[in-house]
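**Student:** Chains A and B, in that order, give the protein sequences. One gets the numbering used here by counting positions in the first sequence from 1 and adding 363 to each. One gets the numbering used here by counting positions in the second sequence from 1 and adding 363 to each.
Derived from the structure by calculation, the hints contain no laboratory data.
Remember, identical chains collapse to one label, so a pair may be satisfied in a single copy or spanning two.
List time: in silico BS3-like cross-link candidates among lysine-lysine, alpha-carbon distance up to 30 angstroms:
#1 Lys-532 <-> Lys-577
#2 Lys-532 <-> Lys-603
#3 Lys-677 <-> Lys-662
#4 Lys-442 <-> Lys-458
Protein chains: 2
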Amino acid sequence: MKTRLTELLGIEAPIICGGMMRVGTADLAAAVSNAGGLGVMTALTQKTPKELHDEIERCRTLTDKPFAVNLTVGVVATKIDYDEYVEVITRSGVKIVETAGRSPEPFMERFKAAGIKVIHKCVTVRHSLAAERLGVDVISIDGFECAGHPGEHDVGGIVLFPAAARALKIPVVASGGIADGRGLAAALALGCDGINMGTRFMATQEAPIHDGIKQKIVEMDENQTQIIFRSYRNTARVYKNSISKKVAEIEAAGGGFEQVHEYVSGTNQEKAWTTGDIEAGMVTAGMSGAFVEDVPTCKELVQRIVADAEQIIKQRLTNMVG
Amino acid sequence: MKTRLTELLGIEAPIICGGMMRVGTADLAAAVSNAGGLGVMTALTQKTPKELHDEIERCRTLTDKPFAVNLTVGVVATKIDYDEYVEVITRSGVKIVETAGRSPEPFMERFKAAGIKVIHKCVTVRHSLAAERLGVDVISIDGFECAGHPGEHDVGGIVLFPAAARALKIPVVASGGIADGRGLAAALALGCDGINMGTRFMATQEAPIHDGIKQKIVEMDENQTQIIFRSYRNTARVYKNSISKKVAEIEAAGGGFEQVHEYVSGTNQEKAWTTGDIEAGMVTAGMSGAFVEDVPTCKELVQRIVADAEQIIKQRLTNMVG
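Let's have the full structure, built from the sequences with the hints guiding it.
**Tutor:** Here it is in structure tokens:
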């Protein structure tokens with residue numbers, strides 16, 4: 364399959380792995396890239412710039428295909444020296460960066476000087492246009508259905524994807540709610556040049572998370588996620604469990620961020636991830652989990668999605684138009 | 364274009380006009396049907412069963428193509444004798460009915476006895492499956508982006524359409540957020556057999572509403588709608604204006620339905636519709652208004668959407684798979 368995205372990034376399949384905290388290690392990134400998609404390591408999954416340097420080196424030993432490093436700015440509460448992470452990235456020889464959170468403006472000059480292609484992730488057409496003006500190469504646009512931070516405008520992918528594709532000149536990647544070949548074919552029909560999948564790649568053999576979490580994603584349907592933190596204008600979509608429900612209750616009762624923070628601090632997110640006990644803490648997951656029904660290797664997954672999309676186009680759709 | 368929907372209903376294009384109060388008159392229904400889609404008259408737009416009878420007769424004089432009658436149950440507050448409307452419909456010779464609101468169960472036997480095909484409109488996969496078991500012929504599923512009543516689960520079309528299509532054996536119509544050929548091609552890729560469009564058909568020459576409203580739909584973008592009545596579990600998506608904002612404010616302040624009802628009663632919805640002053644009252648509109656950029660005839664519109672979808676399939680998508 365060939366789109367503006369595959370051409371620009373030098374990849375075989377127009378499929379990008381979501382930039383996921385904890386999950387985006389060298390192992391998963393290399394597996395996705397070896398499968399023909401674009402693997403994405405998340406910079407802040409590494410505790411220090413030095414560890415990121417080492418993880419990028421490790422990824423190089425695992426794949427000779429292109430992979431990207433995600434740099435998400437301003438979402439985590441702890442103080443982070445982004446300049447040092449940028450320094451590590453630009454010196455590493457990595458050729459693709461995914462920026463998210465805030466505008467990539469402060470880093471664009473350094474990325475461009477290093478010959479890096481920038482994919483910017485955002486949630487509105489307005490921010491997409493601003494990023495295009497800054498010189499980013501690709502927009503990855505997150506619809507309302509996505510895991511993590513869908514923003515405050517609640518525009519689903521069926522509207523947001525074509526709205527972005529229509530407004531922008533650069534390639535657009537559809538993100539949120541997509542986990543299979545139907546979603547890929549639909550995204551391409553809507554004017555996008557590829558897809559981004561996070562939740563779907565969590566449930567792969569190579570994802571470095573507990574099998575119990577993968578199994579919960581396999582079992583979930585489209586009603587198993589929850590929107591929280593709306594009242595603090597920092598909306599997040601997470602897997603719906605007793606903890607997310609309690610957070611929603613606190614918010615509905617008018618509780619402030621301090622109160623929610625105190626409650627969440629008392630839960631054990633680490634335990635959820637490391638033991639697979641999804642009720643122990645909050646776990647990010649998107650609505651696309653509805654379409655996840657197995658835990659394949661990344662190679663099996665990417666091949667299946669491309670094959671399914673191709674079949675939909677060559678057979679189902681072509682037969683309809685006669 | 365040929366799908367299970369066009370075959371089942373005997374129409375040329377897999378495009379159904381949304382069942383819209385006030386808007387769904389014989390004029391618009393006939394125009395959509397003459398254009399090759401399925402026009403839909405709304406029963407309750409007519410004040411009495413007798414008037415519905417006359418309007419159906421009038422529609423017959425305007426088209427010899429199939430058209431449908433929408434019967435929405437339990438949404439309007441006034442007491443309505445649905446049995447009498449059903450009687451008029453079954454005696455009229457109309458061959459397609461669209462049910463919405465509550466389950467069609469109480470009327471199914473009479474519709475079936477009259478040889479009527481039933482399209483049931485709903486907002487969840489669970490309700491779709493229940494309706495399929497009742498014997499309806501088509502499910503028209505409303506995603507979160509739709510105008511009117513998207514329900515309380517907030518699942519966007521990019522997830523809800525394929526989830527419904529996968530779960531059901533009968534044809535599924537994608538509704539909400541779609542207004543052009545890209546949306547049609549995407550819906551078909553996602554496993555649906557057609558699309559339903561309300562907002563898009565409001566902005567046609569034949570829609571019996573004021574030009575001022577049509578112009579507002581042309582001007583709107585994807586952020587110009589608002590969700591209201593969420594706190595009463597009767598969520599509605601409407602055009603965002605000073606009135607919808609005030610309603611949202613009352614709800615956010617914990618105001619009860621009585622308080623909202625009192626406020627809304629003091630506005631002039633009639634004036635909004637009849638003078639085109641969209642700030643005078645509440646007007647239903649969906650996010651797909653983002654893609655409405657002109658006020659064509661229904662014939663121009665249906666032809667354009669089919670042509671665009673065919674071009675996307677035959678050229679854009681086919682070139683991508685090589």
